[in-house]
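Number of protein chains: 2
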Amino acid sequence: MEAVKVEKKDCKIVVAVDESEESMYALSWCLSNLISQTTINNIVLLYVKPPPPVYSSLDVAGYIFWGDVVRALEAYGNDLVKSVMGRAEDICGKFRIDVNVERMVGSGDAKDVICNIVDRLKPDTLVMGSHGYGFFKRALLGSVSDHCAKHVKCPVVIVKHPEKI
Amino acid sequence: MEAVKVEKKDCKIVVAVDESEESMYALSWCLSNLISQTTINNIVLLYVKPPPPVYSSLDVAGYIFWGDVVRALEAYGNDLVKSVMGRAEDICGKFRIDVNVERMVGSGDAKDVICNIVDRLKPDTLVMGSHGYGFFKRALLGSVSDHCAKHVKCPVVIVKHPEKI
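Going down the list, the protein sequences come from chains A and B. So the first sequence is numbered by the numbering used here: it starts at 29 and just counts up by one. So the second sequence is numbered by the numbering used here: it starts at 29 and just counts up by one.
Quick caveat, the hints were computed from the structure, so don't treat them as lab data. Some clues are possibly wrong.
Same chains, same label: a pair holds when it works inside one copy or across any pair of copies.
Derived DSSO-like pairs (lysine-lysine); straight-line CA-CA distance at most 27 Å [unchecked claim]:
hint	residue 1	residue 2
1	K77	K37
2	K122	K181
3	K122	K37
4	K110	K122
5	K40	K181
6	K181	K110
7	K77	K40
8	K178	K40
9	K110	K37
10	K122	K178
11	K110	K178
12	K77	K110
13	K150	K77
14	K178	K150
15	K40	K110
In isolation and in its complexed conformation, chain A is listed as follows (with noise of 0.2 Å):
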C-alpha cells in the first residue's frame, strides 16, 4: 500500500504526571507514538497535588504547630510542582517535536480531579502511568489508572514503565 497523507487536524492530549518515574514514562511513550507530524499537536501537563490533611482542633499539636505546618507543606506542594513540571518540561524539549506544552494543576483526589479535568478539557486522549500498588492496596483502593479508565469518556492509554514488571 501507499503512504498517503492524513489531513492535518488539531490534537489535544492530557498527560498526568506526578514525581514518579513511571507517569514520565508515560510521557516519554506519548511524546513518542502519538505525536504526528500532520497534526496540530498540544499536550497538557496535569498535575494533581493531594488534598491538605485534615486534623482535628482537639488535637492539641496541630493547634501549636498548625499554621506552620500548613505553610510547610504548601511551600513542599509548590516545590514539587515546580520539580515534576520542569522534568516533564525537559522531557518534552528533548524530543525536539513540533509541540504546544501547557502546564495544569489540581488539588485534591487524583482519580476524581483528572476525571472532572479530562470531562471539561475534552482531549483526544488522556495518557497515564498505571500506577500500580501492587495487589493488597489495588484491591482495597482501587487504582487511580482503573478508574479514569472507567469514567473518562476519551482513549485512555496507561503505560507501565518497563523496569517496574
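Put chain B on the given structure of chain A with help from the hints.
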C-alpha cells in the same frame, strides 16, 4: 520548535477485535493515531472465539443432539471470525496507509487469551474497546479491558465508542 524526523523503527500493535462497533472504532482510532509514516507498522488483528459450551454427560438433549450442536456452533464461530476479520481488514484498507496486517484467532476466555498472546508477541501497544458492561456486570465480573490493562506488560489503549458514552 522545528519538526525533526524521528528514527525509523519497527512497531507492532495488537488490536483486539470482536463483533462490537466499539472494537471497530478502537481499530479506527489506532489507525488514525498510532500509525506513523516514520515507522514500519505491523498490526495484529486478534479475535478470540468464546470457549465451546460444556454440557453434562447426563443431559439427555445434549446426548442426542451433541454432534449437530457442536458442528453448528463451530460453523457459526467460523463465520463470525470471517465476518469480524473482513470488517477489520476493510477498515485498514480505507485508511490507505502503509501497514502490514496479520490475523490471529484464539479460543477461550477473552481476557486470558489476550493477555497470553500479548505476553508471547511482546507488541509495542495493545489497543481494545472498553467493553463496558454497565455497573452490575462490571462490578461482578470485571471487564476484559480492566483485566488486560492490569496484567499485560505493554502500554494499553482503551477506547470507548463515542455513541455509547
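Here's how the hints hold up against the structure:
When the C-alpha separation of K77 and K37 is checked against a cutoff of 27 Å, the pair qualifies neither within a copy, at 32 Å, nor between copies, at 37 Å. In this assembly of identical chains, the alpha carbons of K122 and K181 lie at most 27 Å apart only when taken from different copies (25 Å versus 30 Å within one copy). For a Cα distance limit of 27 Å, the shortest separation of K122 from K37 qualifies both inside one copy, at 24 Å, and across copies, at 18 Å. In the homo-oligomer, the alpha carbons of K110 and K122 lie at most 27 Å apart inside one protomer (18 Å), although the nearest pairing across protomers, at 45 Å, exceeds that limit.
In this assembly of identical chains, the alpha carbons of K40 and K181 lie at most 27 Å apart whether taken from the same copy (14 Å) or from different copies (26 Å). In this assembly of identical chains, the alpha carbons of K181 and K110 never lie at most 27 Å apart, being 29 Å within a copy and 30 Å across copies at closest. Taking CA atoms no more than 27 Å apart as the test, K77 paired with K40 passes inside one copy only; the shortest distance there is 22 Å, against 36 Å between copies. Taking the shortest alpha-carbon separations for K178 and K40, both the intra-copy value of 20 Å and the inter-copy value of 26 Å come in at or below 27 Å.
For the identical chains of this complex, K110 and K37 are neighbours neither inside a copy (31 Å) nor across copies (34 Å), given an alpha-carbon limit of 27 Å. In this homomeric assembly, K122 and K178 never come within 27 Å of each other (Cα to Cα): the closest approach is 32 Å inside a single copy and 30 Å across copies. For the homomeric pair K110 and K178, neither the shortest alpha-carbon distance inside one copy (30 Å) nor that between copies (30 Å) is at most 27 Å. Taking the shortest alpha-carbon separations for K77 and K110, only the intra-copy value of 12 Å comes in at or below 27 Å, while the best inter-copy value is 50 Å.
Proximity of K150 to K77 under the C-alpha cut-off of 27 Å is restricted to the intra-copy arrangement: shortest distance 21 Å within a copy versus 35 Å between copies. Within a single copy, K178 and K150 get their C-alpha atoms as close as 16 Å, and across copies as close as 25 Å, so both meet the 27 Å cut-off. Taking identical chains as interchangeable, the C-alpha atoms of K40 and K110 lie at most 27 Å apart only when both belong to the same chain, with a minimum of 22 Å there against 36 Å between chains.
Hints 1, 6, 9, 10 and 11 from the earlier list are contradicted by this structure; the remaining hints agree with it.
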